[in-house]
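> So the chains spell out like this:
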Amino acid sequence: MSGNGEMVVNPEAKEARIGVFVCHCGSNIAGLLDCVQLTEYAAGLPGVVYTKNNLYTCSESGIGEIKKAIGEHQLTRVVVASCSPRTHMPLFKSACDEAGLNPYLFEMANIRDQCSWVHMQQGEDAMVKARDLIRMAVAKASLLAPQKDIESSLVRKALVIGGGVTGLSAACTLADMGVEVVLAEREARLGGLLNRINRLAPGGEKASDVVEKLVSRVKGTPRIQTLLGAEVLSVGGVIGNYHVTLRNGEGKEIEETVGCILVATGAVPLKPEGMYGYDGKTVVTQIELEEMLRDGSFNARKVVMIQCAGSRVPEREYCSRICCLTAVKNALYIKEQNPEARVHILYRDIQMYGTENERMLWESRGKGVRYDVYDVNCPPVVKGNTVEVCQPLTGDVLEIPFDLLVLSTPLVARDDAAALANLMRIPVDQNRFFLEAHAKLRPLDFATDGIFLCGTARYPATVGEAQAQGFGAASRAATVLFKDKLISSALISRVTEHCDGCALCVDVCPYFAIKLEEYERDGRKVKRIVSDEILCKGCGVCAATCPKGGVEVNGFTLDQLKAQVDAALEAV
Amino acid sequence: MDVGRHPKIRLLAYSEVEKVDGELGEFRVTIRKKARYVDENKCTGCGACAEKCPTPVRDEYNLGLAESKAIYRYFAQGIPSTYTIHAQYCRNFQPGKKCGVCSKICQAGAIDYKQQDQILEVEVGAVILATGYETFDARRIPEYGYGRLPNVITALELERFLSAGGPTHGHVYRPSDLALMAALPDLEKARQRARKGLEKFEKTFDRTSEEFFPLYESGELAGEDYDQWAEQVRAARKADGEFEGLRERVDKIETAHRLVFIQCVGSRDIRFNRYCSGFCCMHAIKEAIIAKEHDRQAEVFILGMDIRAVGKGFEEYRNRGGRESGIQYIRSRVAEVTEDADHNLTVWYEDTKERRVKQLAADLVVLSTACQPAASSKRMAELLNIEVNDFGFFKTPGYPPMDTTRPGIYVCGCAHSPMDIPESVAQASSAAARAAQVLSGSESACLAS
Numbered sequence: 002m003s004g005n006g007e008m009v010v011n012p013e014a015k016e017a018r019i020g021v022f023v024c025h026c027g028s029n030i031a032g033l034l035d036c037v038q039l040t041e042y043a044a045g046l047p048g049v050v051y052t053k054n055n056l057y058t059c060s061e062s063g064i065g066e067i068k069k070a071i072g073e074h075q076l077t078r079v080v081v082a083s084c085s086p087r088t089h090m091p092l093f094k095s096a097c098d099e100a101g102l103n104p105y106l107f108e109m110a111n112i113r114d115q116c117s118w119v120h121m122q123q124g125e126d127a128m129v130k131a132r133d134l135i136r137m138a139v140a141k142a143s144l145l146a147p148q149k150d151i152e153s154s155l156v157r158k159a160l161v162i163g164g165g166v167t168g169l170s171a172a173c174t175l176a177d178m179g180v181e182v183v184l185a186e187r188e189a190r191l192g193g194l195l196n197r198i199n200r201l202a203p204g205g206e207k208a209s210d211v212v213e214k215l216v217s218r219v220k221g222t223p224r225i226q227t228l229l230g231a232e233v234l235s236v237g238g239v240i241g242n243y244h245v246t247l248r249n250g251e252g253k254e255i256e257e258t259v260g261c262i263l264v265a266t267g268a269v270p271l272k273p274e275g276m277y278g279y280d281g282k283t284v285v286t287q288i289e290l291e292e293m294l295r296d297g298s299f300n301a302r303k304v305v306m307i308q309c310a311g312s313r314v315p316e317r318e319y320c321s322r323i324c325c326l327t328a329v330k331n332a333l334y335i336k337e338q339n340p341e342a343r344v345h346i347l348y349r350d351i352q353m354y355g356t357e358n359e360r361m362l363w364e365s366r367g368k369g370v371r372y373d374v375y376d377v378n379c380p381p382v383v384k385g386n387t388v389e390v391c392q393p394l395t396g397d398v399l400e401i402p403f404d405l406l407v408l409s410t411p412l413v414a415r416d417d418a419a420a421l422a423n424l425m426r427i428p429v430d431q432n433r434f435f436l437e438a439h440a441k442l443r444p445l446d447f448a449t450d451g452i453f454l455c456g457t458a459r460y461p462a463t464v465g466e467a468q469a470q471g472f473g474a475a476s477r478a479a480t481v482l483f484k485d486k487l488i489s490s491a492l493i494s495r496v497t498e499h500c501d502g503c504a505l506c507v508d509v510c511p512y513f514a515i516k517l518e519e520y521e522r523d524g525r526k527v528k529r530i531v532s533d534e535i536l537c538k539g540c541g542v543c544a545a546t547c548p549k550g551g552v553e554v555n556g557f558t559l560d561q562l563k564a565q566v567d568a569a570l571e572a573v
Numbered sequence: 007m008d009v010g011r012h013p014k015i016r017l018l019a020y021s022e023v024e025k026v027d028g029e030l031g032e033f034r035v036t037i038r039k040k041a042r043y044v045d046e047n048k049c050t051g052c053g054a055c056a057e058k059c060p061t062p063v064r065d066e067y068n069l070g071l072a073e074s075k076a077i078y079r080y081f082a083q084g085i086p087s088t089y090t091i092h093a094q095y096c097r098n099f100q101p102g103k104k105c106g107v108c109s110k111i112c113q114a115g116a117i118d119y120k121q122q123d124q125i126l127e128v129e130v131g132a133v134i135l136a137t138g139y140e141t142f143d144a145r146r147i148p149e150y151g152y153g154r155l156p157n158v159i160t161a162l163e164l165e166r167f168l169s170a171g172g173p174t175h176g177h178v179y180r181p182s183d184l185a186l187m188a189a190l191p192d193l194e195k196a197r198q199r200a201r202k203g204l205e206k207f208e209k210t211f212d213r214t215s216e217e218f219f220p221l222y223e224s225g226e227l228a229g230e231d232y233d234q235w236a237e238q239v240r241a242a243r244k245a246d247g248e249f250e251g252l253r254e255r256v257d258k259i260e261t262a263h264r265l266v267f268i269q270c271v272g273s274r275d276i277r278f279n280r281y282c283s284g285f286c287c288m289h290a291i292k293e294a295i296i297a298k299e300h301d302r303q304a305e306v307f308i309l310g311m312d313i314r315a316v317g318k319g320f321e322e323y324r325n326r327g328g329r330e331s332g333i334q335y336i337r338s339r340v341a342e343v344t345e346d347a348d349h350n351l352t353v354w355y356e357d358t359k360e361r362r363v364k365q366l367a368a369d370l371v372v373l374s375t376a377c378q379p380a381a382s383s384k385r386m387a388e389l390l391n392i393e394v395n396d397f398g399f400f401k402t403p404g405y406p407p408m409d410t411t412r413p414g415i416y417v418c419g420c421a422h423s424p425m426d427i428p429e430s431v432a433q434a435s436s437a438a439a440r441a442a443q444v445l446s447g448s449e450s451a452c453l454a455s
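So the sequences go chain by chain: A and B.
Here the first sequence is numbered in this note's numbering, starting from 2 and rising by one per residue.
Here the second sequence is numbered in this note's numbering, starting from 7 and rising by one per residue.
In short, the hints are calculated from the structure, not lab data.
Do not rely on the hints blindly, as some may be mistaken.
[Stated by the list, open to error] Computed cross-link-like contacts, DSBU-like style, restricted to lysine-lysine with a CA-CA straight-line distance of at most 35 Å:
#1 B:Lys25 to A:Lys53
#2 A:Lys94 to B:Lys110
#3 A:Lys441 to B:Lys401
#4 A:Lys368 to B:Lys359
#5 A:Lys68 to B:Lys110
#6 A:Lys207 to A:Lys303
#7 A:Lys68 to B:Lys58
#8 B:Lys14 to A:Lys486
#9 A:Lys441 to B:Lys110
#10 A:Lys563 to A:Lys158
#11 A:Lys207 to B:Lys384
#12 B:Lys39 to A:Lys94
#13 A:Lys149 to B:Lys401
#14 B:Lys298 to A:Lys368
#15 B:Lys58 to A:Lys69
#16 A:Lys68 to B:Lys48
#17 B:Lys209 to A:Lys68
#18 A:Lys94 to B:Lys401
#19 B:Lys401 to A:Lys384
#20 A:Lys484 to B:Lys359
#21 B:Lys384 to A:Lys214
#22 A:Lys53 to B:Lys359
#23 A:Lys272 to B:Lys110
#24 A:Lys368 to A:Lys272
#25 A:Lys130 to A:Lys563
#26 A:Lys441 to B:Lys58
#27 A:Lys68 to B:Lys14
#28 A:Lys149 to B:Lys14
#29 A:Lys69 to B:Lys110
#30 A:Lys484 to B:Lys58
#31 A:Lys53 to B:Lys384
#32 B:Lys14 to A:Lys303
#33 B:Lys359 to A:Lys336
[Claimed, not checked] What follows is a list of derived Cβ distance ranges for each label pair:
#34 B:Ser87 to A:Lys272: 24 to 30 Å
#35 B:Ile276 to A:Lys303: 54 to 60 Å
#36 A:Lys303 to B:Ala170: 53 to 59 Å
#37 A:Ser62 to B:His300: 54 to 60 Å
#38 B:Lys244 to A:Thr88: 28 to 34 Å
#39 B:His300 to A:Lys441: 20 to 26 Å
#40 A:Val509 to B:Pro403: 37 to 43 Å
Glycine included, C-beta positions come from ideal geometry on N, C-alpha and C.
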């Protein structure tokens, strides 16, 4: 609570003319609660000048009733006691708006989900609670203040960071839709990891052909501005207007303002220093094998592959998704080149998920590729040109000679991922891959609006998956970029005159929306916070942290909440 | 919800595509909007109709584990929330029968028994297929006993058991025990009927059955009426015994504590689908973890060839399942499931690591059934003039991976191939991007291989 006792009461509160609409929702509410009685009860509450009970407030006739009553009874507040604001608030708010009442003067009491549904066995108590909920909503409604939606401009331009298959696909897609694209690639050459890969599974396309096609397409698209050898130096601003400073290959600094940013920075194969006698010659990684197959220098006859080399271990717990299918694919190309060559794959679980991958596994078995399971507690041991593997049942040791040992190492996050994350204030997970907004439902979004994620920067992926994600992230960005302006809710934080710049709220804000500023008042330097109206999501953590009422959230001000709590306690 | 409210999305639920003419940029699609016999614009989804509907129907959403009505909504959160009359079951649609209860009860006046299918023509620039998948019919592997052994269920059925809003309110009971519980009220009624029969005699002869029966047995009372009474006493005692016997068994019923999951049921199997269904390992692990959360005594075993935990955070989740929920992962191939007289199960399997045949007792066996192309996908492919691949999923020959064999038609999700939720969501966005690309007038010929 405010320590100074000077909470400003909304001047309109005294004249508030409140209309309350109690909804039967068929049997959903009226099956348990006496809606007629609740309506009568609401009529007796302070400020209430009109009440109505509707069969369905959300139906066309119900909405019509609200609009009619606003006009006929000069309502200045509308309260609907019905279902969840999550589903129906927008509808009721727009009804208010259409009738000329500021939509922020609307309040809802959830007497269905939070009352009749959850207290199905307790009719009497549920009635008491429904009255409480309505009384609380009315008390709060009388203190509501009109607000205006926040509108902001946007730039129809996107920055794609990373010029691998993912970033190239994303850039092309956006450009095709009509978006200006800045494509920033750290290396001197586009194509990313694909530049080291031989052929793609399962179709057998040459990786170089795929890269060439994509690159020539990007180069032939005037809407895409490509920066090679580029580095992102700083990122400021918000969705619609991100201000980015980049350095290009010549060391020149470039300023860009973009509406959205796509992170497609990729990942790198782990270099297994000190593992299984890795030397880059007779003990190599899968990506090095790809290069040998690609340039024709591969000529081994006895090949052993060890899966999960550096992954699915305590220090790197995750499964890198694509190493099994890379191993099987390469085994098939070895067999194609020399059917007599012996290929032996030592694995823990062979991760050939899906249709085509599993088909490759069958095919490779048919061509004589050998598979043996090893136990993580008894991993293979390399002795000279022999690999020794424990046989779990007999305890015997299987000795497999090789002239090329291939380690299937995981893709790991780039060393500079954390720095970029820091720059953009986006999170990474425990493996330092970028962390999406929601693991299931928002795989390509960041929690920060206007920044999107795709490809192996998110998690290891096949070329097809990475490309699909590049398209997908472009699609997500397009949903923002094709708006004429950005409109967001006014239910956000607002700094009051009580703020003394103590900055307690700055650190707790999960959206980095609050900054401290210094200004002059009466010749003295004073501090206070400023809250960015686009970044702020109205979560209220700042208001809950502030010890002096220096920051509030519109629609959830302390006096509004206090009125609600007082109303709740009235009955006690 | 977002789709239902979006001003630019016209949602045609309960509809089927009948014809697709034209080409990229100008498809003409004929859609049959099937009659619901309920006016979508009037129905408010209150559910009063279903509450009063006198015709029970197997609840498909709860996989037959509960009952719905002839006027129904597939599941509570469905969009739109409109109810639908199942003409196949509704009395009003049966020759010579009448009902009309829902029409009387509906306060919105939404019931329209005369509603007809509507044929709609829409013009679109691109088509996205997101028609999903079906699960493998586990009856095709008779040795696992699905459909024959009551306590062998599928992973989707377990999903309904584990749901707080499901037919067992989140308690995992064995179907054989549920059947016992369901039989109890019938036996109770039978017992009461038999008791009533006794009362008639007791009144007539002004004597309790307990007094009468010893006298009858000792021969003190004889005659045709007494014979009938005695017969009734025997019947009542039998009904009592049956009821008490069952009640005793029902009282002892506990939820299933030992769960055994069998992976790759119909997938990675040369007889059915050679491919891997991708998501079933994680599904089993998730269900196992939830089962353990519901029941601390639960012991869960997952029997499979490889545990494929290839997505982001999946391996960590699998390890957590082992560490914190005590899931035991057994590398194996299951041969057969058998049951004893009380429907307790035994799973016979080969431990492929130790190369030995072993057995495992189970209260409940859960089959992770394969993800298969929808039965209608062949017809859909013909309709759209696109190809399906060797597995029956819509064919996507190259890059970008959402492109089917016909320009302007894209596919995403499990209609493409088995995949998990995040991948499906990402692919849906990418298919939308492909459509937006072509509709913006600059088809990226170069991206298609």
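> Does the structure keep lysine 94 of chain A and lysine 401 of chain B at a Cα separation of 35 Å or less?
violated (46 Å)
> Is it true that the CA of lysine 14 of chain B sits at most 35 Å from the CA of lysine 303 of chain A?
violated (60 Å)
> Sort out whether lysine 359 of chain B lies within 35 Å of lysine 53 of chain A, counting only the CA atoms.
violated (71 Å)
> Would the pair lysine 384 of chain B and lysine 214 of chain A pass a check requiring their Cα atoms to be no farther apart than 35 Å?
The given pair, whose Cα atoms are some 33 Å apart, holds under the 35 Å limit.
> Taking 35 Å as the top limit, are the C-alpha atoms of lysine 68 of chain A and lysine 14 of chain B close enough?
Distance of about 25 Å is within 35 Å: holds.
> So if I understand the rule, the pair passes when the alpha-carbon distance is 35 Å or less; does lysine 207 of chain A with lysine 384 of chain B pass?
Satisfied, since the Cα-Cα distance of roughly 32 Å is no more than 35 Å.
> Given the hint that lysine 359 of chain B pairs with lysine 336 of chain A, test it: the Cα-Cα distance must not exceed 35 Å.
Holds, at roughly 27 Å.
> Within 37 to 43 Å or not, the Cβ separation of valine 509 of chain A and proline 403 of chain B?
Since the Cβ atoms of valine 509 of chain A and proline 403 of chain B sit about 52 Å apart, the hinted range of 37 to 43 Å is violated.
> Going straight from one Cα to the other, do lysine 14 of chain B and lysine 486 of chain A come out at no more than 35 Å?
At roughly 17 Å apart (the allowed maximum being 35 Å), lysine 486 of chain A and lysine 14 of chain B satisfy the hint.
> When you check the alpha-carbon spacing of lysine 68 of chain A and lysine 48 of chain B, does it fall within 35 Å?
holds (19 Å)
> Compare the distance between the alpha carbons of lysine 130 of chain A and lysine 563 of chain A with 35 Å, and conclude whether the hinted pair is satisfied.
Answer holds: lysine 130 of chain A to lysine 563 of chain A is near 18 Å, not above 35 Å.
> Hint says 28 to 34 Å; check whether the CB-CB distance for lysine 244 of chain B and threonine 88 of chain A agrees.
violated (55 Å)
The structure fails to meet hints 1, 9, 10, 13, 14, 17, 18, 19, 20, 22, 23, 26, 30, 31, 32, 34, 35, 37, 38, 40 from the earlier list, while all remaining hints are met.
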